[in-house]
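**Q** As you go down the protein sequences, you meet chains A and B in turn.
Under the numbering used here, the first residue of the first sequence is numbered 265, with each subsequent residue one higher.
Under the numbering used here, the first residue of the second sequence is numbered 20, with each subsequent residue one higher.
Fair warning: there could be bad hints in the mix.
To be verified - One-sided and incomplete, this derived list gives chain A residues near chain B with beta-carbon spacing under 10 Å: (1) Pro272; (2) Met277; (3) Lys305; (4) Leu309; (5) Glu322; (6) Ser326; (7) Arg327; (8) His341; (9) Ala344; (10) Pro347; (11) Leu354; (12) Ala356; (13) Ala360; (14) Asp362; (15) Asn369; (16) Val375.
To be verified - Just the calculated beta-carbon pair ranges, DEER-fashion: (17) A:Arg359 <-> B:Val48: 15 to 23 Å; (18) B:Asp77 <-> A:Thr280: 24 to 32 Å; (19) A:Asn334 <-> B:Thr129: 37 to 45 Å.
To be verified - Derived DSS-like pairs: lysine-lysine, alpha-carbon spacing no greater than 25 Å straight-line: (20) A:Lys300 <-> A:Lys282; (21) A:Lys302 <-> B:Lys119; (22) B:Lys119 <-> B:Lys21; (23) A:Lys305 <-> B:Lys119; (24) A:Lys300 <-> B:Lys61; (25) B:Lys119 <-> A:Lys317; (26) B:Lys75 <-> A:Lys300; (27) A:Lys302 <-> A:Lys283; (28) B:Lys86 <-> A:Lys286; (29) B:Lys75 <-> A:Lys304; (30) A:Lys273 <-> A:Lys300; (31) B:Lys119 <-> A:Lys286; (32) A:Lys273 <-> A:Lys302; (33) B:Lys21 <-> A:Lys302; (34) A:Lys300 <-> A:Lys283; (35) B:Lys21 <-> A:Lys283; (36) B:Lys61 <-> A:Lys304; (37) B:Lys75 <-> B:Lys86; (38) A:Lys300 <-> A:Lys317; (39) B:Lys61 <-> A:Lys302; (40) B:Lys21 <-> A:Lys305.
No wet-lab data here; the hints were simulated from the structure.
In this text, all values refer to a predicted model and were calculated from it rather than measured experimentally.
Where is the CB? At the ideal position from N, CA and C, for every residue including glycine.
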Amino acid sequence: DTEVTQTPKHLVMGMTNKKSLKCEQHMGHRAMYWYKQKAKKPPELMFVYSYEKLSINESVPSRFSPECPNSSLLNLHLHALQPEDSALYLCASSRAGDSPLHFGNGTRLTVT
Amino acid sequence: QKEVEQNSGPLSVPEGAIASLNCTYSDRVSQSFFWYRQYSGKSPELIMSIYSNGDKEDGRFTAQLNKASQYVSLLIRDSQPSDSATYLCAVIDSGGSNYKLTFGKGTLLTVNP
């Protein structure tokens, strides 16, 4: 069982849809992350929030919009995605600094 | 571009053998190193953290770090079929005030019964 909870587990959306991925942790961690993972590739960093402020954006296209409403919650808003955006989207949290990341179970996204 | 290099494998070992997984990294100032295990279709799971030179043991797992050689390894003793997974080496890149975890491409391990 993971202490980082992601919803939904699976999501199928059309290219004109708007949807959101949600992530929640109750470990008191102050850093939260979004990663994207394609099949047989390592996770790729998208965004980092540290103390609820966006600290890293890895040049992610604007069709992905992160939001951190509070220290426990992280959202990823999706709009006008492309089929190549289909992937496993992973949320993670850490105590910040050089602490290890703890991952949620991920959301499997398919864009049709 | 700071890099983390791993042999992609696949690495195949018989049940009960020692599996040895290796990783090198390019950034000399890196201080924090992790090994994650990822089963097919699942998310990465942290199995070891190591911050100082030398060995760190946890059950059947031993992580070894050599900062002078920029090398970190993971040994799995008494390998079991349930250890079959992709093992990801990860290194913290502390550029300025931001801490970024960079993954290697992963080594696929198969333990044969």
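**Q** Each hint should be assessed against the structure and marked as holding or not.
**A** Here is what the structure says about each hint:
1. Look at Pro272 of chain A: its Cβ only gets to about 15 Å from chain B, farther than 10 Å, so that hint breaks.
2. Hint status for Met277 of chain A relative to chain B: violated, with the closest Cβ pair at about 20 Å, above 10 Å.
3. The interface hint given for Lys305 of chain A holds, since its Cβ lies 7 Å from the closest Cβ of chain B, which is under the 10 Å cut-off.
4. Of the supplied interface hints, the one on Leu309 of chain A holds, with its beta-carbon coming within about 6 Å of a beta-carbon of chain B, less than 10 Å.
5. Using the Cβ-Cβ criterion of 10 Å, the hint placing Glu322 of chain A at the interface with chain B is satisfied: the shortest such distance is roughly 9 Å.
6. Among the interface hints, the one on Ser326 of chain A is violated; its C-beta lies about 21 Å from the nearest C-beta in chain B, farther than the 10 Å criterion.
7. Among the interface hints, the one on Arg327 of chain A is violated; its C-beta lies about 22 Å from the nearest C-beta in chain B, farther than the 10 Å criterion.
8. A hinted interface residue such as His341 of chain A counts as satisfied when its beta carbon comes closer than 10 Å to some beta carbon of chain B; here the least separation is about 21 Å, so the hint is violated.
9. This hint is violated: Ala344 of chain A has a C-beta 26 Å from the nearest C-beta of chain B, more than the 10 Å allowed.
10. Annotation: Pro347 of chain A was flagged as interfacial toward chain B, and the flag is violated, the nearest CB pair being 20 Å apart, outside 10 Å.
11. Taking 10 Å as the C-beta contact cut-off toward chain B, the hint placing Leu354 of chain A at the interface holds, the least distance being around 6 Å.
12. Below 10 Å, beta-carbon pairs count as interface contacts, and Ala356 of chain A has one with chain B at about 8 Å; its hint therefore holds.
13. For Ala360 of chain A, the shortest C-beta to C-beta distance to chain B is roughly 7 Å, which falls under 10 Å, so the interface hint holds.
14. A cut of 10 Å between beta carbons decides the hint on Asp362 of chain A: the least distance to chain B is about 4 Å, and the hint holds.
15. The interface hint given for Asn369 of chain A holds, since its Cβ lies 5 Å from the closest Cβ of chain B, which is under the 10 Å cut-off.
16. Below 10 Å, beta-carbon pairs count as interface contacts, and Val375 of chain A has none with chain B, the closest being about 18 Å; its hint is therefore violated.
17. For Arg359 of chain A and Val48 of chain B, the Cβ-Cβ distance of about 20 Å falls inside the hinted range of 15 to 23 Å, so the restraint holds.
18. The hinted window of 24 to 32 Å between Asp77 of chain B and Thr280 of chain A is violated, with their beta carbons roughly 49 Å apart.
19. A hinted range of 37 to 45 Å holds for the C-beta pair Asn334 of chain A and Thr129 of chain B, which are about 43 Å apart.
20. Taking the CA atoms of Lys300 of chain A and Lys282 of chain A, the gap is near 18 Å; set against the 25 Å cutoff, the hint holds.
21. Proposed proximity of Lys302 of chain A and Lys119 of chain B is supported: the alpha carbons are some 19 Å apart, at most 25 Å.
22. Among the hinted pairs, Lys119 of chain B with Lys21 of chain B is consistent with the structure: their alpha-carbon atoms are about 11 Å apart, no more than 25 Å.
23. About 18 Å separates the Cα atoms of Lys305 of chain A and Lys119 of chain B, which keeps this hinted pair within 25 Å; it holds.
24. Proximity of Lys300 of chain A to Lys61 of chain B is assessed by CA-CA distance (about 13 Å); at most 25 Å being required, the pair is judged to hold.
25. About 15 Å separates the Cα atoms of Lys119 of chain B and Lys317 of chain A, which keeps this hinted pair within 25 Å; it holds.
26. Note on Lys75 of chain B and Lys300 of chain A: the hinted pairing is violated, with a Cα-Cα distance of about 30 Å set against a maximum of 25 Å.
27. With a C-alpha separation of about 20 Å, the suggested pair Lys302 of chain A and Lys283 of chain A falls inside the 25 Å cut-off, and the hint holds.
28. Restraint check: the Cα-Cα separation between Lys86 of chain B and Lys286 of chain A comes to about 38 Å, which exceeds 25 Å; the hinted pair is violated.
29. For the hint linking Lys75 of chain B to Lys304 of chain A, the alpha-carbon distance of about 28 Å lies beyond 25 Å, and the restraint is violated.
30. A hinted pair counts as satisfied when its Cα atoms are at most 25 Å apart, and Lys273 of chain A with Lys300 of chain A qualifies at roughly 14 Å.
31. Only pairs whose Cα atoms come within 25 Å are accepted, and Lys119 of chain B paired with Lys286 of chain A is accepted, the gap being roughly 21 Å.
32. Straight-line distance between C-alpha atoms of Lys273 of chain A and Lys302 of chain A comes to about 16 Å, which keeps the hinted pair within the 25 Å bound.
33. Restraint check for Lys21 of chain B and Lys302 of chain A: satisfied, since their Cα atoms lie roughly 21 Å apart, inside the 25 Å limit.
34. Restraint check for Lys300 of chain A and Lys283 of chain A: satisfied, since their Cα atoms lie roughly 16 Å apart, inside the 25 Å limit.
35. For the proposed pair Lys21 of chain B and Lys283 of chain A, the alpha carbon gap of about 34 Å is over 25 Å, so the pair is violated.
36. For the given pair, Lys61 of chain B sits about 12 Å from Lys304 of chain A by alpha-carbon distance, which is consistent with the 25 Å threshold.
37. Distance check on the hinted pair: Lys75 of chain B and Lys86 of chain B sit about 14 Å apart at the alpha-carbon level, within 25 Å; holds.
38. For a cut-off of 25 Å, the pair hint linking Lys300 of chain A to Lys317 of chain A stands: about 20 Å separates their Cα positions.
39. Taken as a hint, the Lys61 of chain B and Lys302 of chain A pair is honoured in the structure, with Cα atoms around 12 Å apart against an allowance of 25 Å.
40. Proposed proximity of Lys21 of chain B and Lys305 of chain A is supported: the alpha carbons are some 17 Å apart, at most 25 Å.
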